[in-house]
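Top to bottom, those sequences are chains C and B. Here our numbering is used: the first sequence runs in plain steps of one and ends on residue 1239. Here our numbering is used: the second sequence runs in plain steps of one and ends on residue 1239.
FYI, nobody ran anything at the bench for these hints, they're computed from the structure. Since this is a predicted model, take the numbers as computed values, not measurements. Accuracy of the hints is not assured; some may be wrong.
Same chains, same names: a pair is fine if it fits in one copy or spans any two.
[Claimed, not checked] Straight-line Cα separation of at most 30 Å, DSS-like style, residue types lysine-lysine; simulated pairs:
1) K1038 - K771
2) K735 - K922
3) K932 - K696
4) K1076 - K732
5) K1148 - K695
6) K900 - K788
7) K1004 - K1226
8) K1025 - K788
9) K1004 - K1051
10) K1052 - K1030
11) K1030 - K900
12) K932 - K697
13) K896 - K1076
14) K1025 - K1052
15) K1000 - K695
Okay, here's what each chain looks like letter by letter:
There are 2 protein chains.
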Amino acid sequence: MAEVKSDIEIARAAKKKPIMEIGAKLGIPAEHLLPYGHDKAKISAAFIAEQKGRKDGRLILVTAINPTPAGEGKTTTTVGLGDGLNRIGKKAVVCIREASLGPCFGVKGGAAGGGYAQVIPMEDMNLHFTGDFHAITSAHNLLAALIDNHIYWGNEQNIDIRRVAWRRVMDMNDRALRQIVGSLGGVANGYPRETGFDITVASEVMAILCLSTDLKDLEKRLGNIIIAYRRDKTPVFARDIKADGAMTVLLKDAMQPNLVQTLENNPAFVHGGPFANIAHGCNSVVATTTALKLADYVVTEAGFGADLGAEKFFDIKCRKAGLKPDAAVIVATARAMKMNGGVKKEDLGKENVEAVRKGCANLGRHVLNVKKFGVPVVVAINHFIADTEAEIQAVKDYVATLGAEAILCRHWAQGSAGIEELAHKVVELAESGKSQFSPLYPDDMPLFEKIETIAKSIYHAGEVIADKSVRDQLRTWEEQGYGTLPICMAKTQYSFSTDPNLRGAPTGHTVPVREVRLSAGAGFVVVITGEIMTMPGLPRVPSSEKIFLNDEGFIEGLF
Amino acid sequence: MAEVKSDIEIARAAKKKPIMEIGAKLGIPAEHLLPYGHDKAKISAAFIAEQKGRKDGRLILVTAINPTPAGEGKTTTTVGLGDGLNRIGKKAVVCIREASLGPCFGVKGGAAGGGYAQVIPMEDMNLHFTGDFHAITSAHNLLAALIDNHIYWGNEQNIDIRRVAWRRVMDMNDRALRQIVGSLGGVANGYPRETGFDITVASEVMAILCLSTDLKDLEKRLGNIIIAYRRDKTPVFARDIKADGAMTVLLKDAMQPNLVQTLENNPAFVHGGPFANIAHGCNSVVATTTALKLADYVVTEAGFGADLGAEKFFDIKCRKAGLKPDAAVIVATARAMKMNGGVKKEDLGKENVEAVRKGCANLGRHVLNVKKFGVPVVVAINHFIADTEAEIQAVKDYVATLGAEAILCRHWAQGSAGIEELAHKVVELAESGKSQFSPLYPDDMPLFEKIETIAKSIYHAGEVIADKSVRDQLRTWEEQGYGTLPICMAKTQYSFSTDPNLRGAPTGHTVPVREVRLSAGAGFVVVITGEIMTMPGLPRVPSSEKIFLNDEGFIEGLF
């Protein structure tokens, strides 16, 4: 077997082009590219505004089966497909999410893709990048400081200090900050109250930035954030304490999408990174809509499996931004099928066609689900070295029975040359005009019915249960005018059910709604169906212990 | 009277040159300038390393009288003098500090200079700039998370959790975070303990970054940070929990100095910004030493008045970095002399030569103090519109009695054309070879004697008093090998004494040492002589309420 290079070795050996050249490929003049070093740039808001009248390219969603420890390679396939489309003569842009800094010091940092399908510069993308997440942290915490300051100076808005909804954030895995009592130390420091920190990607400001169409829209949404409730239960908004203007100023640069490149020097937009459970888990609307103006094809991805990621992409992002996806790619691997078929991780190296066949139920469910949104589907089998021909064929045969096609892709090992067939197929589907996209439920369906629709139609659950308090809360929001918002499901990503150990394609299970939260600025109702951790901790031996700069100035231990 | 434009109007009307052109003036090749937009860049560490063998230019310190509400214009004069030196044919670079983000939302943001002596882009410099402070915040808080994580997983280092010395930081004015109890919520969140947040500029990581000569030195100093004590009182260092490598990685880019420009398109380095009380209040050593390699003249400033700022510049920064200043400029104004002479702020508009003469005692003390370091001195009278000729003459006459010269400067109104005389005088002093710089006290003087030396020689105090516990602590540190460190005085900036209301040139006062702290990474002992606020609060009506983006995309209300 040929030597296998690590992702970081491949990334470091890449011949990067100056970012101005990458921008020029898309017709972005140098004065509208704001460089961050020589390999990253922001695209100016002015240039973006100028593109308004232009025709949109085709939008391709890359989604996946439920994630397993075997690894699926959704981002790798997104990047590979972008390169593949460029290879066959289409002008294509990849749109992916930014990585969070904090978790890199707990476990190893995530590459943006893998093998010969990566976005670079990998180190920067795992560290401060262009500062977007820091700006979001600042804007979020400015609002928090203004709330406590408002209370301190007399509480003109009559905030019930037991019902402050806005916490603070930090882009760090720090369990000690999950739950704190602040404002201790006497009169000069304010009114002691219980609060805490979430990780920055869980901030509603992050979700807002990713759903806003421009700075005006951003400012309006920031103003709509519910920061607290009064004694009479009426909400207090960020605009009530005049926080929206300053928050917008802090986010001015962060709103501009980041341009980087793939290993094959094709353009990639990396912008925004909301949590995929308590938020919608997609890159920014601004990045996607801008890319659509500049390219024939835009390949983007959504968080987790298609049950969570694609559903939110369609029902939240596409609905709100008026996007019409032309095709969807569902990424699967023979290994993951085997795990879904009951094989343990340590036995994945052995051929097991029967287990592959059995595990395909999970893939099949996702294929049929995505079709419910009216979007044509193709399955990408991301090739792993130990896969056997019989296993691959089993997946192909299974997918054929669903009226779809599964295509073997070798982009991890070969770059764009290994994914030409998929690229051609995507073009065929997208240009067939077959896409008849529509969201799963209409805006005017009652909130609880929306939850039931998702649970039954996508998860194949038997019922949704919720306490009276939850149902009452949903009704109150409907009365307050929030009934037309879409639902943002927070559920385990490992199963169609709420039990992470239930692989395959379970049916008839119960979805218990533990809690609902209103993200009035982002514009969705979060429905929590399990333990949702919004501030991770560090492990016993955090990866930070092995991270350092070597004598050549390269970062060791981050990957 | 001609119309007076605001600083921001002048800054916005400036004709900025591309930052690559500004760098080229200093001989920095484009590939060694890492751009942040088109008007900011970092100078690569590789380029800096290459300059090692080159001859140094002349170093000029700009310092001031004790600050008064009248305003002195130290940064304005620093920038003006840089432009003035360029105007008379010297290649000059200005080195100043970066601004802190948080305070801009409380009171109006600070310009970098004023009138026609400013550094631009002003908006960016008051917001995220090149992300240095965010990187410092991240590195500081990573260490904090690692400490609590270490305790959580078994506390192998036997940290006494009552004696954790490392707090967290945020670049925000947030009084609610001054004192908190963290790790609440049960077993999964750790051991509850009292802690709190300081503002980022107060972080020891900031002081370390500003005193480190390169990344290796940075890593060593970060490792030397004392994070806590054990039950047996022995210190636990950051290196003991293996935090130094990852912190260095987070600070890799932040260590590279930032290049921007003055209104007259001359190069300015803006890098680092440690608190001027619990830290040393100077821009980074890397920026200053790099500028000295690239220019004939480097003009830099120190925080607050000369009693604090210049003393720390000489005794900490110059001592540690081996810098030899060639001349010092002390900035004064006729208005400030009047205030020192007893005039109230509302009466500053009226001529009062007698008060000016009386107030000159403050200026005179600073002139003589700076001379004690062996550095030749010139006084810059920063001209204000309402100053009268008689008042200016009174200052000049007074300074002449001290064997020095006071020169009227009109750079605020006229830019470099208004400060030519000062520029020529500075060149004359610097090239006279008269500078015989030496710090005030030797390394091997006992710590308490160092404090007494500063208090008596610079403040003209009668005595220094301290509890036995403070003296014992200093002795313990001497025994542990920290006795050779310099002292970093934390004293009110408004007076030579510890009473902020005592203007002029008091003598014989008592300096009470309330507390001492060891910054073992930065390499100094902080001596606290009053209330030192390390986390500011927001006012009743924070300036954030008036900050917004206008329809042209300009920021309103920040200045």
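To see whether the hints hold, each was checked on the structure:
1. K1038 - K771: neither (39 Å within a copy, 76 Å between copies)
2. K735 - K922: neither (38 Å within a copy, 54 Å between copies)
3. K932 - K696: both (28 Å within a copy, 21 Å between copies)
4. K1076 - K732: For K1076 and K732, neither the intra-copy (41 Å) nor the inter-copy (63 Å) Cα distance is at most 30 Å.
5. K1148 - K695: Neither: 60 Å inside a chain and 64 Å across chains, both beyond 30 Å.
6. K900 - K788: between (37 Å within a copy, 24 Å between copies)
7. K1004 - K1226: neither (45 Å within a copy, 39 Å between copies)
8. K1025 - K788: within (20 Å within a copy, 59 Å between copies)
9. K1004 - K1051: Intra 14 Å, inter 74 Å, cutoff 30 Å: intra-copy only.
10. K1052 - K1030: Cα proximity of K1052 and K1030: none, with 35 Å in one copy and 81 Å across.
11. K1030 - K900: Answer is neither: 56 Å inside a copy and 49 Å across each miss the 30 Å cutoff.
12. K932 - K697: both (27 Å within a copy, 23 Å between copies)
13. K896 - K1076: Neither, since 48 Å and 55 Å both go past 30 Å.
14. K1025 - K1052: So K1025 and K1052 fail the 30 Å test inside a copy (32 Å) and across (74 Å) alike.
15. K1000 - K695: neither (38 Å within a copy, 41 Å between copies)
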